[in-house]
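Chains P and W, in that order, give the protein sequences.
The letter at position 48 of the first sequence is residue 48 when you use this note's numbering, and the numbering goes up by one with no holes.
The letter at position 14 of the second sequence is residue 14 when you use this note's numbering, and the numbering goes up by one with no holes.
Hints listed in this document are in silico derivations from the structure and should not be mistaken for laboratory results.
Being a predicted model, the structure only gives us computed values, none of them experimental.
Please note: incorrect hints may appear among the correct ones.
[Said to hold, decoys possible] Some residues of chain W that are not near chain P, with every Cβ distance over 10 Å (derived):
{"no.": "1", "residue": "Val11"}
{"no.": "2", "residue": "Ala17"}
{"no.": "3", "residue": "Asn22"}
{"no.": "4", "residue": "Thr28"}
{"no.": "5", "residue": "Tyr36"}
{"no.": "6", "residue": "Glu42"}
{"no.": "7", "residue": "Gly43"}
{"no.": "8", "residue": "Gln45"}
{"no.": "9", "residue": "Lys49"}
{"no.": "10", "residue": "Ser58"}
{"no.": "11", "residue": "Phe62"}
{"no.": "12", "residue": "Thr65"}
{"no.": "13", "residue": "Lys77"}
{"no.": "14", "residue": "Gly103"}
{"no.": "15", "residue": "Met108"}
[Unchecked claim] Here are the computed lysine to any residue pairs in the SDA-like style, where the Cα-Cα straight-line distance is at most 20 Å:
{"no.": "16", "chain 1": "W", "residue 1": "Lys56", "chain 2": "W", "residue 2": "Leu19"}
{"no.": "17", "chain 1": "P", "residue 1": "Lys68", "chain 2": "P", "residue 2": "Thr20"}
{"no.": "18", "chain 1": "P", "residue 1": "Lys24", "chain 2": "W", "residue 2": "Lys77"}
{"no.": "19", "chain 1": "P", "residue 1": "Lys24", "chain 2": "W", "residue 2": "Gly41"}
{"no.": "20", "chain 1": "P", "residue 1": "Lys24", "chain 2": "P", "residue 2": "Met39"}
{"no.": "21", "chain 1": "P", "residue 1": "Lys24", "chain 2": "P", "residue 2": "Ile55"}
{"no.": "22", "chain 1": "W", "residue 1": "Lys52", "chain 2": "P", "residue 2": "Glu102"}
{"no.": "23", "chain 1": "P", "residue 1": "Lys68", "chain 2": "P", "residue 2": "Val89"}
{"no.": "24", "chain 1": "W", "residue 1": "Lys110", "chain 2": "W", "residue 2": "Val11"}
{"no.": "25", "chain 1": "P", "residue 1": "Lys68", "chain 2": "P", "residue 2": "Asn50"}
{"no.": "26", "chain 1": "W", "residue 1": "Lys60", "chain 2": "W", "residue 2": "Val11"}
{"no.": "27", "chain 1": "W", "residue 1": "Lys52", "chain 2": "W", "residue 2": "Asn94"}
{"no.": "28", "chain 1": "P", "residue 1": "Lys68", "chain 2": "P", "residue 2": "Ser31"}
{"no.": "29", "chain 1": "W", "residue 1": "Lys56", "chain 2": "P", "residue 2": "Lys78"}
{"no.": "30", "chain 1": "W", "residue 1": "Lys68", "chain 2": "W", "residue 2": "Asp55"}
{"no.": "31", "chain 1": "W", "residue 1": "Lys60", "chain 2": "P", "residue 2": "Phe104"}
{"no.": "32", "chain 1": "P", "residue 1": "Lys24", "chain 2": "W", "residue 2": "Gln45"}
{"no.": "33", "chain 1": "W", "residue 1": "Lys60", "chain 2": "P", "residue 2": "Lys78"}
{"no.": "34", "chain 1": "W", "residue 1": "Lys77", "chain 2": "W", "residue 2": "Arg67"}
{"no.": "35", "chain 1": "W", "residue 1": "Lys68", "chain 2": "W", "residue 2": "Leu48"}
{"no.": "36", "chain 1": "P", "residue 1": "Lys78", "chain 2": "P", "residue 2": "Gln17"}
Beta carbons: idealized from backbone N, C-alpha and C, even for Gly.
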Amino acid sequence: DAGVIQSPRHEVTEMGQEVTLRCKPISGHNSLFWYRQTMMRGLELLIYFNNNVPIDDSGMPEDRFSAKMPNASFSTLKIQPSEPRDSAVYFCASRTQGDTGELFFGEGSRLTVL
Amino acid sequence: GDSVTQMEGPVTLSEEAFLTINCTYTATGYPSLFWYVQYPGEGLQLLLKATKADDKGSNKGFEATYRKETTSFHLEKGSVQVSDSAVYFCALKNAGNMLTFGGGTRLMVKP
Chain P
1 DAGVIQSPRH EVTEMGQEVT LRCKPISGHN SLFWYRQTMM RGLELLIYFN
51 NNVPIDDSGM PEDRFSAKMP NASFSTLKIQ PSEPRDSAVY FCASRTQGDT
101 GELFFGEGSR LTVL
Chain W
1 GDSVTQMEGP VTLSEEAFLT INCTYTATGY PSLFWYVQYP GEGLQLLLKA
51 TKADDKGSNK GFEATYRKET TSFHLEKGSV QVSDSAVYFC ALKNAGNMLT
101 FGGGTRLMVK P
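Construct the entire structure; sequences and hints are all you get.
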């Protein structure tokens with residue numbers, strides 16, 4: 001079975017450019033999460049969706065970040081404009097709502113902003 | 001609010017050594033507790049869990065016991081292998097159904 005699929009795996013861009021990260025959750029999962037991982041701050045929850053609806057985006061750092069989930073099988077995280085401090089690994093994770101708690105993570109998208 | 005505190009790493013051990021990674025938590029109510037593992041270049045994956053006090057979660061030779069009296073969920077393994085080298089995350093899930101992660105502990109096992 002396919003797991004959570006993220007793309008791109010690696011992205012190098014210059015400051016000011018728009019970045020779009022993509023995620024396909026596991027089929028049948030109706031909760032989706034975006035996390036950011038850095039050495040300094042560890043693993044941070046940015047936003048999560050239940051049934052394609054954003055429930056809590058309090059972790060989104062600022063207005064430059066936006067996330068969408070147009071349907072049950074696709075989500076995007078966009079950064080516009082990007083800054084060097086956005087460099088991190090971004091993880092998407094999914095689970096069934098009301099599950100005992102196991103999250104299934106993608107392999108992450110490593111973003112480097114020069 | 002809920003929080004999870006882990007011992008800082010890196011933890012460096014020789015192969016076949018005994019492993020303990022400490023984890024304590026602060027939460028209201030009765031959270032479920034988890035250990036996730038992240039191998040190099042990969043996402044996190046569930047290692048083990050415990051849903052109520054005195055439960056012991058176990059998997060792949062790792063164990064952790066839910067200790068409500070000390071609000072702890074320490075991870076142990078009797079004999080580590082080089083392949084256990086990874087980052088280990090303790091986490092809790094409370095009534096809000098959200099996971100709160102600790103900062104992660106890097107384990108390095110040398111042959």
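Consistency of the hints with the structure:
The claim that valine 11(W) is not at the interface with chain P holds, since no C-beta of that chain comes within 10 Å of its own (minimum 16 Å). Even its closest Cβ contact with chain P, about 26 Å, leaves alanine 17(W) beyond 10 Å, as expected for a residue assigned away from the interface. With a least CB separation of 16 Å from chain P, asparagine 22(W) remains clear of the 10 Å interface cut-off, as annotated. No Cβ of chain P comes within 10 Å of the Cβ of threonine 28(W); the nearest lies about 17 Å off, and the non-interface call holds.
Chain P draws tyrosine 36(W) into its interface by the beta-carbon criterion, the shortest separation being 8 Å against a cut-off of 10 Å. A cut-off of 10 Å between C-beta atoms contradicts the statement that glutamate 42(W) is not in contact with chain P; the least separation is 6 Å. Not every CB of chain P is more than 10 Å from the CB of glycine 43(W) (nearest about 3 Å), against its label as outside the interface. At roughly 7 Å, the least C-beta separation between glutamine 45(W) and chain P is not larger than 10 Å, which violates its mark as non-interface.
Once the 10 Å rule is applied to beta carbons, lysine 49(W) is inconsistent with being away from chain P; the minimum gap is 7 Å. Distance check for serine 58(W) against chain P: the nearest CB is about 16 Å away, which clears 10 Å, and the non-interface claim stands. Annotated as non-interface, phenylalanine 62(W) keeps its C-beta farther than 10 Å from every C-beta of chain P; the closest such distance is 16 Å. Even its closest Cβ contact with chain P, about 18 Å, leaves threonine 65(W) beyond 10 Å, as expected for a residue assigned away from the interface.
Look at lysine 77(W): its CB is around 21 Å from the nearest CB on chain P, clear of 10 Å, so calling it non-interface holds up. A cut-off of 10 Å between C-beta atoms contradicts the statement that glycine 103(W) is not in contact with chain P; the least separation is 4 Å. Every C-beta of chain P lies more than 10 Å from that of methionine 108(W), the closest at about 16 Å, which supports listing it as non-interface. Taking the CA atoms of lysine 56(W) and leucine 19(W), the gap is near 16 Å; set against the 20 Å cutoff, the hint holds.
The suggested pairing of lysine 68(P) with threonine 20(P) holds, with an alpha-carbon distance near 11 Å, which does not exceed 20 Å. Restraint check for lysine 24(P) and lysine 77(W): not satisfied, since their Cα atoms lie roughly 34 Å apart, outside the 20 Å limit. For the suggested pair lysine 24(P) and glycine 41(W), the alpha carbons sit about 19 Å apart, so the restraint of at most 20 Å is met. Between lysine 24(P) and methionine 39(P) the alpha-carbon distance is near 26 Å, which puts this suggested pair outside the 20 Å criterion.
Of the pairs offered as hints, the one joining lysine 24(P) and isoleucine 55(P) holds, with about 18 Å between alpha carbons and a cut-off of 20 Å not exceeded. At most 20 Å may separate the alpha-carbon atoms for a hinted pair to count; lysine 52(W) and glutamate 102(P) meet this at roughly 16 Å. Of the supplied pair hints, the one linking lysine 68(P) and valine 89(P) holds, its CA atoms being roughly 19 Å apart against a limit of 20 Å. Taking the CA atoms of lysine 110(W) and valine 11(W), the gap is about 11 Å. The hint holds against a cut of 20 Å.
Simply put, lysine 68(P) and asparagine 50(P) have alpha-carbon atoms about 12 Å apart, close enough for the 20 Å limit, and the pair holds. A threshold of 20 Å between alpha carbons decides the hint, and for lysine 60(W) with valine 11(W) the separation of about 19 Å falls inside it, so the pair holds. Note on lysine 52(W) and asparagine 94(W): the hinted pairing holds, with a Cα-Cα distance of about 12 Å set against a maximum of 20 Å. A distance of roughly 13 Å separates the Cα atoms of lysine 68(P) and serine 31(P); the hinted pair therefore holds under the 20 Å criterion.
The suggested pairing of lysine 56(W) with lysine 78(P) is violated, with an alpha-carbon distance near 41 Å, which exceeds 20 Å. Proposed proximity of lysine 68(W) and aspartate 55(W) is supported: the alpha carbons are some 10 Å apart, at most 20 Å. Restraint check for lysine 60(W) and phenylalanine 104(P): satisfied, since their Cα atoms lie roughly 18 Å apart, inside the 20 Å limit. The straight-line distance between the Cα atoms of lysine 24(P) and glutamine 45(W) is roughly 17 Å, inside the 20 Å bound, and the hint therefore holds.
For the hint linking lysine 60(W) to lysine 78(P), the alpha-carbon distance of about 38 Å lies beyond 20 Å, and the restraint is violated. Distance restraint check for lysine 77(W) and arginine 67(W): the Cα-Cα separation of roughly 17 Å lies within the 20 Å cut-off, and the hinted pair is therefore satisfied. For the hint linking lysine 68(W) to leucine 48(W), the alpha-carbon distance of about 17 Å falls within 20 Å, and the restraint holds. Proposed proximity of lysine 78(P) and glutamine 17(P) is supported: the alpha carbons are some 11 Å apart, at most 20 Å.
Hints 5, 6, 7, 8, 9, 14, 18, 20, 29 and 33 from the earlier list are contradicted by this structure; the remaining hints agree with it.
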